[in-house]
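Q: So you can see what is in the structure, the chains are spelled out below.
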Amino acid sequence: GAVVSQHPSWVICKSGTSVKIECRSLDFQATTMFWYRQFPKQSLMLMATSNEGSKATYEQGVEKDKFLINHASLTLSTLTVTSAHPEDSSFYICSARDQGREQYFGPGTRLTVT
Amino acid sequence: DAKTTQPTSMDCAEGRAANLPCNHSTISGNEYVYWYRQIHSQGPQYIIHGLKNNETNEMASLIITEDRKSSTLILPHATLRDTAVYYCIALNNAGNMLTFGGGTRLMVKP
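Taken in sequence, the protein lines are chains A and B. The numbering of the first sequence is the numbering used here, which starts it at 1 and goes up by one. The numbering of the second sequence is the numbering used here, which starts it at 1 and goes up by one.
Treat the hints as calculated values from the structure; they're not laboratory data. In this text, all values refer to a predicted model and were calculated from it rather than measured experimentally. Possibly wrong hints are sitting among the right ones.
Unchecked claim - Taking lysine-lysine pairs in the BS3-like style, the calculated list, with each CA pair at most 25 Å apart, reads:
hint, chain 1, residue 1, chain 2, residue 2
1, B, K109, A, K41
2, A, K66, A, K14
3, B, K3, A, K41
4, B, K52, B, K3
To be verified - One side of the interface only, derived from the structure: several residues of chain A facing chain B at Cβ under 7 Å:
hint, residue
5, F34
6, F39
7, P40
8, S43
9, T49
10, L76
11, I93
12, Q103
13, P107
14, G108
Beta carbons are placed, not taken as given, at the ideal position from N, Cα and C, and that holds for glycine.
Let's have the full structure, built from the sequences with the hints guiding it.
A: The structure is reproduced here in structure tokens:
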């Protein structure tokens, strides 16, 4: 079956630093990848949609200069949280959509900003 | 995509069938009903989806009413590992992204 991986699975960083999270589709090509954020005891909230080779589309209220998304290839998208603050601490989940339009999720990355 | 409504939480005894309802009264003709679940601190896992007919796979069965305004996900023999939040999503398969509501927190008890 289709597998999506994320790296790292968890990360702790200091306030003011930047963190990069990778999302890879391991056995299929993903023209579209999605980034979600989930706070404790809440549902997943879509942050942005990225299409390979083009700029990401951000949801309302998500700062594009703070959450940099790059989708340079059909199997890799990255999310960089710039100048992280404690309120950015969250569970970040990516998903990838294959040619059949099914969407597969990664295992998530837990970010803690101290 | 149509809005879905699910109970906030449900309990089920281990070994019994878990029946999770979902209302999607405004669903349009080209929208599928998808079910995902999320076990604590993991990414969502696809369970099943359907359009009109009932569907069954190795994980669950999906029963969709004839008017398509509601559906039920059935886990035939719930185990403790089925404890999770279950999300019902109505999705136009033309390319829209999955939008998650509150889901149902299913607790399977011994």
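Q: Taking the hints in turn, state whether each one holds.
A: Here's how the hints hold up against the structure:
Among the hinted pairs, K109(B) with K41(A) is consistent with the structure: their alpha-carbon atoms are about 20 Å apart, no more than 25 Å. Taking the CA atoms of K66(A) and K14(A), the gap is near 16 Å; set against the 25 Å cutoff, the hint holds. With a C-alpha separation of about 20 Å, the suggested pair K3(B) and K41(A) falls inside the 25 Å cut-off, and the hint holds. Restraint check for K52(B) and K3(B): the C-alpha separation of about 17 Å stays at or below 25 Å, so the hint holds.
With its C-beta approaching chain B no nearer than about 5 Å, F34(A) sits inside the 7 Å limit, and its interface hint holds. Hint status for F39(A): violated, given a least beta-carbon distance of 13 Å to chain B, over 7 Å. Contact between P40(A) and chain B, as hinted, is not supported at the beta carbon level, the nearest pair being about 10 Å apart and thus beyond 7 Å. The criterion of a C-beta within 7 Å of any C-beta in chain B is met by S43(A), whose closest approach is roughly 5 Å, and the hint holds.
The closest approach between the C-beta of T49(A) and any C-beta of chain B is roughly 6 Å, which is under the 7 Å cut-off, so the hint is satisfied. With a least beta-carbon distance of about 17 Å to chain B, the hint placing L76(A) at the interface is violated under the 7 Å criterion. The beta carbon of I93(A) is positioned within 7 Å of a beta carbon in chain B (closest approach about 5 Å), and the interface hint is therefore held. Below 7 Å, beta-carbon pairs count as interface contacts, and Q103(A) has one with chain B at about 5 Å; its hint therefore holds.
Because the closest C-beta pair between P107(A) and chain B is about 5 Å apart, less than 7 Å, the hint holds. Checking G108(A) against chain B: minimum C-beta separation of about 5 Å stays under 7 Å; hint holds.
In terms of the numbered hints stated before, the structure departs from hints 6, 7, 10, listed from lowest to highest.
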